[in-house]
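Undergrad: Keeping their order, the protein sequence lines are chains D and S. Mapped onto numbering that gives the first Met the number 0, the consecutive letters of the first sequence carry residue numbers 0 to 70. Mapped onto numbering that gives the first Met the number 0, the consecutive letters of the second sequence carry residue numbers 0 to 302.
The hints are simulated quantities; they were obtained by calculation from the structure and are not laboratory data. These numbers were taken from a predicted model, which means no experiment stands behind them. A virtual CB, placed ideally from N, CA and C, is assigned to each residue, including glycine. Please note that the accuracy of each hint is not assured.
[As the list claims (entries may be wrong)] Only some residues are given here: those of chain D computed to face chain S with a beta carbon under 10 Å: (1) D13; (2) L14; (3) E16; (4) I17; (5) L18; (6) V24; (7) E55; (8) D56; (9) V59; (10) M60; (11) I62; (12) D63; (13) E64.
[What the hints assert, rightly or not] When the alpha-carbon atoms are kept at most 20 Å apart in a straight line, the in silico EDC-like pairs for lysine to aspartate or glutamate are as follows: (14) K12(S) / E55(D); (15) K12(D) / D42(S); (16) K12(D) / E26(S); (17) K85(S) / D13(D); (18) K12(S) / E64(D); (19) K12(D) / D23(S); (20) K22(D) / D1(S); (21) K85(S) / E16(D); (22) K12(S) / D56(D); (23) K13(S) / D56(D); (24) K22(D) / E80(S); (25) K13(S) / E55(D); (26) K13(S) / E54(D); (27) K12(S) / E54(D); (28) K227(S) / D276(S); (29) K13(S) / E64(D).
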Amino acid sequence: MSWRWRMEMALPKDLLEILACPKCVREPGCTGELEYRESANQLVCHHCRLVYRIEEDIPVMLIDEATPLEE
Amino acid sequence: MDCFTRSYDPALKKANVAELMQNDRFELVQGDLVQMDLHGILDGVDLVFHMAAQAGVRSSWGKEFEFYLHHNVLATQRLLEACRDKQPSRLVYASSSSVYGDQREYPSSEEATPRPVSPYGVTKLAAEHLCVLYWKSYKVPSVSLRYFTVYGPRQRPDMAFHRFLKAIWSNVPLVIYGDGRQSRDFTYVSDIVDANLRAAEAGRPGKVYNIGGGARASLREVLGILEKITGRRPQVSWERREMGDVLHTMADLTLASREIGYRPTVGLEEGLARQWDWMRCWLEKMPQISALGRVSPLPPGQG
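Chain D on its own, in the form it takes in the complex (with noise of 0.2 Å):
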């Protein structure tokens, strides 16, 4: 599969608006915020303190296979 004109571009922002962390984003004052991080391909969460990582142009919004920030 090669999938390299999309490769090469950023997340588009429309899509990125609309995502959210899944794990606490119905939590009482939470709003899901998600930080991206272009040059990791990654989505962050501050408050869950979770990474979801980006694997092909699609965004991997599963709990289970979000990683712990580390810094």
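Since the structure of chain D is provided, determine the placement of chain S on it from the hints.
TA: Frame of chain D; chain S shown alone:
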């Protein structure tokens, strides 16, 4: 959205959308409908086609039922709750002929009493009822389509035609559960696409429509068609019928024809020929994909 569950190799699923991923008007998110905040996802969305499901009849017994409840019932309820707030113009739900179970009369009309014979069918029926309920209670304009055995290019690898064609290509016996007299109303994938578009445009909210291929064939008849289109005589390994399999399905298309103008256009022989063309290309040109779940060919001379 797709959860890319491991019901079969996710690499095969992703290969199905490889072409779409090159289109800058297509966006895909891997997520679980039960976990995700769907309000954001549904912002500005006019049409929702809900095909997310844990598929497969035979594997829905026992411990696995939990997955069926999660992905078929709970996921549908979460989506309907979000649609209650966002009010798209239509939500088209992919139901299944498995809700009918074994009926006393064929063809089955939407008025027939559903009698699922598998836990899978029970979950599809439950989700269908939820769709109707959210229309009646909250005006979520859902339309449910009962698909009758969908086949064609990119068919799931556990489904009969995919397994049959792959076995023929590999010169190994194909497996038939039961005596081969069971029959299905087989529906070609492009007819399913057409039905979805029609339902989104003209389907009456809260209604359920049968979507079939327009004719019924037994598996024994299918074997004859396979021999004709592949030029190879299928070898068959006969296995005991599995729990959850229905004996026959056949759709009464009167309602779908009258209300959404649905008429199937691809017959079984033509559809199977197209699937055979796709499968040969898929197996020959994409060895890295087709190797997943490959069946070992027989030694030369035994084919």
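Undergrad: Give a verdict on every hint.
TA: A quick look at each hint next to the structure:
1. At a threshold of 10 Å, the smallest CB-CB gap from D13(D) to chain S is about 8 Å, leaving the interface hint in force.
2. A hinted interface residue such as L14(D) counts as satisfied when its beta carbon comes closer than 10 Å to some beta carbon of chain S; here the least separation is about 5 Å, so the hint holds.
3. A hinted interface residue such as E16(D) counts as satisfied when its beta carbon comes closer than 10 Å to some beta carbon of chain S; here the least separation is about 8 Å, so the hint holds.
4. Proximity of I17(D) to chain S holds as hinted, the smallest CB-CB distance being about 4 Å (cut-off 10 Å).
5. Interface restraint check: L18(D) against chain S, minimum CB-CB distance 7 Å, threshold 10 Å, status holds.
6. At a threshold of 10 Å, the smallest CB-CB gap from V24(D) to chain S is about 4 Å, leaving the interface hint in force.
7. Using the Cβ-Cβ criterion of 10 Å, the hint placing E55(D) at the interface with chain S is satisfied: the shortest such distance is roughly 7 Å.
8. The beta carbon of D56(D) is positioned within 10 Å of a beta carbon in chain S (closest approach about 6 Å), and the interface hint is therefore held.
9. Given the 10 Å rule on beta carbons, the hint for V59(D) holds: about 5 Å separates it from the nearest Cβ of chain S.
10. Against a cut-off of 10 Å between C-beta atoms, the interface hint on M60(D) holds, since the closest Cβ of chain S lies about 4 Å away.
11. Interface restraint check for I62(D): the shortest CB-CB distance to chain S comes to about 6 Å, inside 10 Å, so the restraint holds.
12. Proximity of D63(D) to chain S holds as hinted, the smallest CB-CB distance being about 9 Å (cut-off 10 Å).
13. Interface hint at E64(D): satisfied, since its Cβ lies 8 Å from the closest Cβ of chain S, which is below the 10 Å cut-off.
14. For the hint pairing K12(S) with E55(D), the CA-to-CA distance comes to about 13 Å; that is within 20 Å, so the pair holds.
15. About 14 Å separates the Cα atoms of K12(D) and D42(S), which keeps this hinted pair within 20 Å; it holds.
16. Between K12(D) and E26(S) the CA atoms are separated by roughly 11 Å; this keeps the pair inside 20 Å, and the hint holds.
17. For the proposed pair K85(S) and D13(D), the alpha carbon gap of about 18 Å is at most 20 Å, so the pair holds.
18. This hinted pair checks out: K12(S) and E64(D) have alpha carbons roughly 18 Å apart, not beyond 20 Å.
19. Proximity of K12(D) to D23(S) is assessed by CA-CA distance (about 12 Å); at most 20 Å being required, the pair is judged to hold.
20. A C-alpha spacing of about 18 Å is found between K22(D) and D1(S), which places the hinted pair at or below 20 Å, so the restraint holds.
21. Distance check on the hinted pair: K85(S) and E16(D) sit about 17 Å apart at the alpha-carbon level, within 20 Å; holds.
22. Between the alpha carbons of K12(S) and D56(D) the distance comes to roughly 15 Å, so the proposed pair stays at or under 20 Å and holds.
23. Our distance criterion of 20 Å between C-alpha atoms is met by K13(S) and D56(D), whose separation comes to about 11 Å.
24. With a C-alpha separation of about 18 Å, the suggested pair K22(D) and E80(S) falls inside the 20 Å cut-off, and the hint holds.
25. Of the supplied pair hints, the one linking K13(S) and E55(D) holds, its CA atoms being roughly 10 Å apart against a limit of 20 Å.
26. Our distance criterion of 20 Å between C-alpha atoms is met by K13(S) and E54(D), whose separation comes to about 11 Å.
27. A distance of roughly 14 Å separates the Cα atoms of K12(S) and E54(D); the hinted pair therefore holds under the 20 Å criterion.
28. Taking the CA atoms of K227(S) and D276(S), the gap is about 13 Å. The hint holds against a cut of 20 Å.
29. For the suggested pair K13(S) and E64(D), the alpha carbons sit about 17 Å apart, so the restraint of at most 20 Å is met.
Violated hints for the displayed structure: none, as all numbered hints are satisfied.
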